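Novice: In case you want the letters, here they are:
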Amino acid sequence: MKQAKAKDHAALAEAFIKDEERVDWHDGALWFIREKRDKASKAIPEWEQLREAASAIKSNVISNLHEYLLQFEANLVKNGVTVHWAADAEEHNAIVYAILKAKEITQMVKSKSMLTEECQLNEYLEERGIEVINSDLGEYIQQIDKEPPSHIVLPCIHKRKEEIGELFHEHLGTEKGLSDPTQLTRVARKHLRNIFLTRRGALTGVNFAVAETGEYVVCTNEGNADMGAHLSEVQIASMGLEKLVPQKKHLSVFLRLLARSATGQPITIYSSHYKKPRPGQEMHLILVDAGRTRQLGRVDFRDSLKCIKCGSCMNTCPVYRKSGGLSYHNTISGPIGAILAPNLDMKKHADLPYASTLCGSCSNVCPVKINIHGQLYKWRQEIVKEGYAASTKALGMKAMAWTLSSPGNFTTAGKAGRWFLQNIPFVVNNRFNPWVKQRDMPEGPKETFAAWYEKQKQ
Amino acid sequence: MTVALFIPCYVNQFYPSAAKATLQLLQKLGVEVVYPPKQTCCGQPMANSGFEHLSQGCNDLFIENFSGFDYIVAPSASCVLHVKEHLASETDPALADSIRHKVYELVEFLTDILKVEKLDAVFPHKVGLHHSCHGLRGLFLSQMSELNAAPFSKPQQLLNMVRGLEQVSLDRQDECCGFGGTFCVAEEAVSVKMGKDRVTDHTKHGAEYITSSDLSCLMHLEGILHRNNSKVKIMHIAEILNANV
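From first to last, the protein sequence lines stand for chains A and B.
Position 153 (the first sequence) corresponds to 153 in the numbering used here; numbering is contiguous.
Position 43 (the second sequence) corresponds to 43 in the numbering used here; numbering is contiguous.
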């Protein structure tokens, strides 16, 4: 996998921004989706009540998770589905491998699943001689380019059609220079059709799981999950513990919100409900924790588990649009990724809560009303408390706090050659001031307001 | 009614004209204004960087300076929001709480408390209004574009009272400018790109001035305008509402 792990978000973003014409195109493509989302949401008078309802349902779910999980498990078993529990990525991957090995399956088709990306399932299985093909077109493109998805709904949104044409030329033998999306899609479809027909094992993700019935729902636009699942001998579904809804009727809230938030469509083309294996077929469902219960235990951050992975926070986030999903060096990028990732590895992801201006647009588009920007602020406090802030930064902050908390220190500093020009509160501790790289400093006026006020009072 | 004027640290240093306009505007409207001279900073730069625990000194000083007034008014949505959300006291929590409820950003003070219906102001220019995110999504000075809710705008309401002013429309009515406190230097590349794109939205629609209720956003946009030798200027909304050519 091409992943520059050593660099932080700021450095990766800076590299992305160097090609400004490309950034403008990327920003425009995502803004277009944000606008479609606005139109779709504003066509429904009760939109804000729907968000409120979804948020309340998910509050109930995460507060009573243990009960819903047991109910769901009992119903799955009743329906003839084999249930597995995985504490972490390693256990999850080992379960999938064991299921396939028992049936001597060496090739599997997989529809979109961020969870299996998070678990790095493909790499794990490939090391053990099992070939995996991603059947979602965007994920397939990312797979042949050996790059992780840059967006949870639109995995290759950062790639232009010419680049995809080049990849297809190299991997699928299309004519050099062919970049027409319709023609490229036809080629991919033909290629994938053959994959679907020959794979005995299929894995899907899960969008929603219904505790009261034991069914689960997979939403796609391409029908690729269905093609894989229906033609397989062994069907596996992997889901995070938080994907539950209590009752089937609750889907009427979530299915209305999901696609409108994600792409501005009224609903995904396919919303497929899976419940029982066909005669002769095996169905497995793997419930994965992988840090979710730890997040549930963090009072300030537990609401992040309400996420239904629509990606709307990414589309609206100006930082995401200008910096690209790969700059977040995490499977889930954007604002939601920045509040989920520190739970998994605080040191590695200490930069992500800072990759935001705290503008708050993410919280406003979130269909389950997660206070994303509030949690970004709180993660910053947590990261500093746990000692993951740079020590130079901590020293600078202390010096600034000392100056600003006393009017004496402040006045002296203000007079003494304009302490402010080098030390505007937000430009702390930088040997050279990055402000002036592409911006001018404000012109210092002759006197401060305080000095003027003092004079005119006399 | 006695109002304490809260002039954020960088406004005092870099933009005294906005502070003067705020003072004069309030006085014109018949308000008695006091400027507590020992004020410094609300503590937001530390808190937003994750060092909220270092901002107690600023909190204590703020409480010391701003106790005992009917209202506290500042020409800065961002600093006001920080005080409203985070001002705390270890010794007198009730006092901190009362101050949190008395602090107002200038625009909302004019529309909600003074209920200003007309202004004696003239500003014959094309103006683009930049919504600061803290003013918009924190203080709800205007309706937010993401929500399915009835539109309103307090700064717009006031700008409509200014004779000769022509407001330009923007492609993205409430996109963040990329200032973001320490973000502006920690994520310099993204910050500047966001700022450049905001500037372009205003200039391509013919704005001669970009105004806002937050000078931090404007300082960032001004830095970009200056560097690119643009003739477009920034001006705090208080100066426009106080303008009398």
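Don't take each hint at face value.
Keeping only pairs whose Cα atoms sit at most 27 Å apart, straight-line, the calculated DSSO-like set for lysine-lysine is [stated by the list, open to error]:
| hint | chain 1 | residue 1 | chain 2 | residue 2 |
| --- | --- | --- | --- | --- |
| 1 | B | K84 | A | K378 |
| 2 | A | K275 | A | K103 |
| 3 | B | K204 | A | K18 |
| 4 | B | K233 | A | K446 |
| 5 | B | K115 | A | K455 |
| 6 | A | K437 | A | K7 |
| 7 | A | K457 | B | K126 |
| 8 | B | K28 | A | K446 |
| 9 | A | K309 | A | K7 |
| 10 | B | K154 | A | K369 |
| 11 | A | K446 | B | K38 |
| 12 | B | K20 | A | K39 |
| 13 | A | K446 | B | K231 |
| 14 | A | K457 | B | K28 |
| 15 | A | K347 | A | K393 |
| 16 | A | K455 | B | K231 |
| 17 | A | K309 | A | K146 |
| 18 | B | K102 | B | K126 |
| 19 | B | K28 | B | K115 |
| 20 | A | K7 | A | K159 |
| 21 | B | K102 | B | K115 |
| 22 | A | K248 | A | K42 |
| 23 | A | K18 | A | K39 |
| 24 | A | K42 | B | K154 |
| 25 | B | K204 | A | K378 |
| 26 | A | K369 | A | K146 |
| 27 | A | K437 | B | K231 |
| 28 | B | K126 | B | K20 |
| 29 | B | K204 | A | K39 |
| 30 | A | K309 | A | K369 |
| 31 | B | K38 | A | K369 |
Calculated directly from the structure, the hints in this document are not laboratory data.
No experiment lies behind these values; they were computed from the predicted model shown.
Novice: Failing hints, ascending?
Specialist: 5, 7, 12, 16, 18, 23, 25, 26 and 31
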